[in-house]
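Asks: Using the sequences and the hints given, assemble the complete structure.
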Amino acid sequence: MTAASNTADALAPPAASVPSLKKRLRRAEMRKKLLYGALILPLAVFLLVAFVWPIASLLTRSIDNPEVHDNLPHTLRELKAWDGEGMPPAAVFTAFAAELESAKGSPAIAEIAKRLNREETGYRSLIMKTARKLPLPADTDVPSALTEIDARWGEAETWRAIRRSGGATTPFYLLAAIDRSIDTHGNIVTAPPEEAVYVNVLMRTFWMSLIVTGLCLVLGFPVAYLMAKLATKQSNMLMFFVLLPFWTSVLVRVAAWIILLQNEGLINKVLMAIGLTDGPLQLLFNRVGVYVAMVHILLPFMVLPLYSVMKGISPVYVRAAVSLGCPPFKSFWKVYFPQTLPGIGAGALLVFIMCMGYYITPALLGSPQEQMVSYFIAFYTNQTINWGMAAALSAVLLGATLVLYMVYARYLGPTRVKLVKPR
Amino acid sequence: MKMKLSRTLIQSAVAAAALTLAGTALADVTVISFGGANQKAQDKAFYGPFAASKGGSVTPGEYNGEQAKIKAMVEAGNVTWDVVEVESPELLRGCEEGLYEKLDYSKIGAKSEFLPKTVSDCGVGIFVWSTALAYNADKLKTAPTSWADFWDVKKFPGKRGLRKGAKYTLEFALLADGVKPADVYKVLGTKEGVERAFKKLDQIKGDIQWWEAGAQPPQLLASGDVVMSSVYNGRIAAAQKEGKNLKIVWNGSIYDVDSWAIPKGSPKRDEAYRFIKFASQPENQRVFSAEIPYGPTNAKAVSGMDPKIAAELPTAPENLKGAFATDTEFWVEHGEDLEQRFNAWAAR
Amino acid sequence: MLQPYASPLERAWHYGLRGLVGIVLVFLILPILVIVPLSFNADTFLMYPMAGFSMRWYEEIFTSGQWQLAMMNSLIVSPLSTLLAMVLGTLAAIGLVRTDFPGKALLTAVLISPMVVPVVIVGVAVYIFFAPLGLTGSYTGLVIAHAVLGVPFVVTTVTATLQGFDFNLVRAASSLGANPVVAFFKVTLPLVAPGIISGGLFAFATSFDEVVVTLFLASPEQTTLPRQMFSGIRENISPAIAAVATILILLSTLMLVTLEGLRRRNERIRGKRA
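Residue numbers (the working numbering), protein chains in the order written: chain V, 1 to 423; chain D, 1001 to 1348; chain L, 2001 to 2274.
Since the hints were derived computationally from the structure, they do not count as laboratory data.
Heads up, some of the hints might be wrong.
[To be verified] Using 25 Å as the maximum straight-line C-alpha spacing, the simulated DSS-like pairs for lysine-lysine come out as follows:
#, chain 1, residue 1, chain 2, residue 2
1, D, Lys1102, D, Lys1071
2, V, Lys269, D, Lys1139
3, V, Lys114, D, Lys1191
4, V, Lys129, D, Lys1102
5, V, Lys269, D, Lys1244
6, V, Lys114, D, Lys1186
7, V, Lys33, L, Lys2186
8, V, Lys129, D, Lys1191
9, D, Lys1164, V, Lys114
10, D, Lys1054, D, Lys1107
11, D, Lys1139, D, Lys1244
12, V, Lys311, V, Lys334
13, D, Lys1300, V, Lys129
14, D, Lys1102, V, Lys104
15, D, Lys1247, D, Lys1159
16, V, Lys133, D, Lys1191
17, D, Lys1321, D, Lys1300
18, D, Lys1054, V, Lys104
19, D, Lys1102, V, Lys114
20, D, Lys1159, D, Lys1102
21, D, Lys1044, D, Lys1308
22, L, Lys2186, V, Lys229
23, D, Lys1159, V, Lys269
24, D, Lys1164, D, Lys1139
25, V, Lys32, L, Lys2186
26, D, Lys1102, D, Lys1117
27, D, Lys1117, D, Lys1186
28, D, Lys1155, D, Lys1247
29, D, Lys1117, V, Lys129
30, D, Lys1159, D, Lys1205
31, V, Lys129, D, Lys1071
32, D, Lys1102, V, Lys133
33, V, Lys114, D, Lys1071
34, V, Lys32, L, Lys2104
Replies: This is the structure in structure tokens:
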């Protein structure tokens, strides 16, 4: 209930005396609510256009399959009549030659070639080579002419591949994102081991997030605890130490960790000077470096919610427990700790969610074995321009994130994200 | 189609308005290249003099060869990159896919002025460069001489650097496995060949430090993070100038031509042509080669070269022994497949 | 704090806790302190020991065209996106606090979700979506995308501030003849200003530190400071990076102090926080 409607009820005179006034008041209240509701509209529209829509349209790309479907419609229609065994009818060849010819020299030809190459390496050059020889002279027998250009046009498998790739939508990318594929008979099969990597990467993303979250909790809990116990002046001092890195650019911190962790970096020099190691330890471009930097970046996100919860815990309970004869550590564990659980939940979920989407830190401080799902999304977007694959991996990552976010919003309240308040 | 047309109309109207507003001021050309020492050399040889010649100013940018942005720009009809440095497989693929303008050589110079195979429909060669083996002579007592040595972890202990990608990694693996340079792409074209290359890479997987940008390997070598690395030859020369004792092994190196290309639909096509023409002049190419030892593509630039500089180029006869050219067609065909496979392998 | 009659165990706990927290705080602050002196290194290496004192790297970043462009771009994009986020976010927060309707919780969750959706997904989605609209490689596109990322911070801080705000004050203003707009500017705004400003600071910091979306969206002309730092770190890590970092650290300290001031002011105005 908003404060406003409460006051409205309080201000309204007894209902029996002037009912029309109450009605009028209600209407005015209603109008005001609509007016205030309208204030949300600009942001809602803005986010819809610049955020929700782009993401939704990205996700549809994970099942989109327009390359062959849109560019070879006649061929596909003719192929429908074919039983998949032996040679397709001549009409298929004619339609195909005509459509390929019209696609020649436009981006469409590249799309077809690229899509078919995913079915079988080598089809790209087959398409390009065939297109170069088109148009065929008039009155030629199209099937034999095409087969003469390349013998593969005489194989049923080539045409089956075209038909396979011709659907308007495809589960191909989504399945590939979980290391599955469809074989020639239409069964879902596990991808060959040399290509299967995403389940592994997904597990790694979870695992690394879990480790970072755990480390943040172990390191953050004592800091928040001490801050909550100390007098304001001292705790403000500590708070500064937590907030300064929080406000410092992530890239600055990544650069700082490179300086500290590199082979000739400060940490290695100190370790060698005090004789702990003979040669430099490899601290960078492996998991150590990534963990250290990620914990450094995310620790404040753990400390702040923990602190705000601990600040609200009255010391009275622990004192009561102690005075009743419970040993200090037991009373801490049995009485104090359970009260910090909401803070632990909020901090841990927040850190975990942020971890899962990390890209910059592993990219700059890790080796390929440290890359998480985000890296592969960027790889497919930029490197091989396989947006279907990027979209499918996005769908998987987004799904995992949203589930956790829903838990967070449901139990801890989206507006209660304590990190955004300095205290 | 109609939408595209109207968009083009609007764009040209806007461009015309901008031109009138700008009066006689020359437009900026955005030139994208592979960054680092290469970009610095281009700045000295091309961008600076181009601006000084009142040709127009250059906004430099860098990338690592990925074509996604160019594709997105061209498809959207909103091209903001005017001239791009492209490696040859990407050039060929981009040309076929309609990402790059088919060049009008009357605006650049006769094709015959250039070395053969350095000019094509969509690209004008900038320089010949090479990916070679390099090592830090201060850290290694015996000099490695081949990719087989690179794989020999016992004789040369320590980390090694390789480019994070299939291209220029799989070839070296096969060379190390005893495949002759002339057969590398033939072998790599077969399933067994690919298998063989990855098996060979498996042997040293734990010893590899991957790099992505050309500026990284010299730094890794200089700091002792790696004992040897695959490198772009020009970057090593830049490090040598700074007093680092880095050496190149030319045996088993792979050379390629980088080209200027104009993304299709660049609103500053004329300026782009003017820039390419300017950068292709022999005297400017010579300045470039003196800055960074990449071989010029303009035949006249080759002839007037300081012999000391010429000896360091990938195109010097001495350096071509045991070297071979990138098979552009091969990478156009197998690139996507092998890069994805490689990426999956590396992440495991 | 420690009572003189504390048992040895309690003493160990007392000092152990402080020792542990001390280590964590050193871990938090040391990397930031380490980078500052290196920005004055006379040598070209980002390494200790330093070769000598010099201002050459500051000179470099203030004279090199690329760093200047990057600084200028950051100073264009971040304030604009912050402004956009502040206006949209504040209005929405007021609306959210003053109304109640089915699905409000869901809507709130959606409005705040840019904060949790992995930024690579936002980058790729916006990039693919903006490209056909001609918004990639443009300031407009970058400002919009950064505002999207900054908006949740404004919404949450302003909502939090408003929850302690007495709307009877607005009523009073209206009853005294102020129209809603006047009432907003004369009454609501000054009182929730600290919330808006701190939300704005968060939005600013988000944009000013944003690199992933920028990687996808920006052309070289729109290169921002973090984008330039990203390529610097990846390609050629020199003390120039440390010089930029030092400036950024100064800036973050400044923001932190401002925020602290705002918080105190807010507490003073409200008396005691709920």
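Asks: Evaluate each hint against the coordinates.
Replies: Okay, the hints, checked on the actual structure:
{"no.": "1", "hint": "Lys1102(D) with Lys1071(D)", "verdict": "holds (16 Å)"}
{"no.": "2", "hint": "Lys269(V) with Lys1139(D)", "verdict": "holds (19 Å)"}
{"no.": "3", "hint": "Lys114(V) with Lys1191(D)", "verdict": "holds (19 Å)"}
{"no.": "4", "hint": "Lys129(V) with Lys1102(D)", "verdict": "holds (19 Å)"}
{"no.": "5", "hint": "Lys269(V) with Lys1244(D)", "verdict": "holds (22 Å)"}
{"no.": "6", "hint": "Lys114(V) with Lys1186(D)", "verdict": "holds (22 Å)"}
{"no.": "7", "hint": "Lys33(V) with Lys2186(L)", "verdict": "holds (21 Å)"}
{"no.": "8", "hint": "Lys129(V) with Lys1191(D)", "verdict": "holds (22 Å)"}
{"no.": "9", "hint": "Lys1164(D) with Lys114(V)", "verdict": "holds (23 Å)"}
{"no.": "10", "hint": "Lys1054(D) with Lys1107(D)", "verdict": "holds (18 Å)"}
{"no.": "11", "hint": "Lys1139(D) with Lys1244(D)", "verdict": "holds (11 Å)"}
{"no.": "12", "hint": "Lys311(V) with Lys334(V)", "verdict": "holds (18 Å)"}
{"no.": "13", "hint": "Lys1300(D) with Lys129(V)", "verdict": "violated (36 Å)"}
{"no.": "14", "hint": "Lys1102(D) with Lys104(V)", "verdict": "holds (15 Å)"}
{"no.": "15", "hint": "Lys1247(D) with Lys1159(D)", "verdict": "holds (17 Å)"}
{"no.": "16", "hint": "Lys133(V) with Lys1191(D)", "verdict": "violated (28 Å)"}
{"no.": "17", "hint": "Lys1321(D) with Lys1300(D)", "verdict": "holds (24 Å)"}
{"no.": "18", "hint": "Lys1054(D) with Lys104(V)", "verdict": "violated (41 Å)"}
{"no.": "19", "hint": "Lys1102(D) with Lys114(V)", "verdict": "holds (21 Å)"}
{"no.": "20", "hint": "Lys1159(D) with Lys1102(D)", "verdict": "violated (44 Å)"}
{"no.": "21", "hint": "Lys1044(D) with Lys1308(D)", "verdict": "holds (20 Å)"}
{"no.": "22", "hint": "Lys2186(L) with Lys229(V)", "verdict": "violated (40 Å)"}
{"no.": "23", "hint": "Lys1159(D) with Lys269(V)", "verdict": "holds (19 Å)"}
{"no.": "24", "hint": "Lys1164(D) with Lys1139(D)", "verdict": "holds (24 Å)"}
{"no.": "25", "hint": "Lys32(V) with Lys2186(L)", "verdict": "holds (19 Å)"}
{"no.": "26", "hint": "Lys1102(D) with Lys1117(D)", "verdict": "holds (16 Å)"}
{"no.": "27", "hint": "Lys1117(D) with Lys1186(D)", "verdict": "holds (21 Å)"}
{"no.": "28", "hint": "Lys1155(D) with Lys1247(D)", "verdict": "holds (18 Å)"}
{"no.": "29", "hint": "Lys1117(D) with Lys129(V)", "verdict": "holds (20 Å)"}
{"no.": "30", "hint": "Lys1159(D) with Lys1205(D)", "verdict": "holds (10 Å)"}
{"no.": "31", "hint": "Lys129(V) with Lys1071(D)", "verdict": "holds (22 Å)"}
{"no.": "32", "hint": "Lys1102(D) with Lys133(V)", "verdict": "holds (20 Å)"}
{"no.": "33", "hint": "Lys114(V) with Lys1071(D)", "verdict": "holds (14 Å)"}
{"no.": "34", "hint": "Lys32(V) with Lys2104(L)", "verdict": "holds (17 Å)"}
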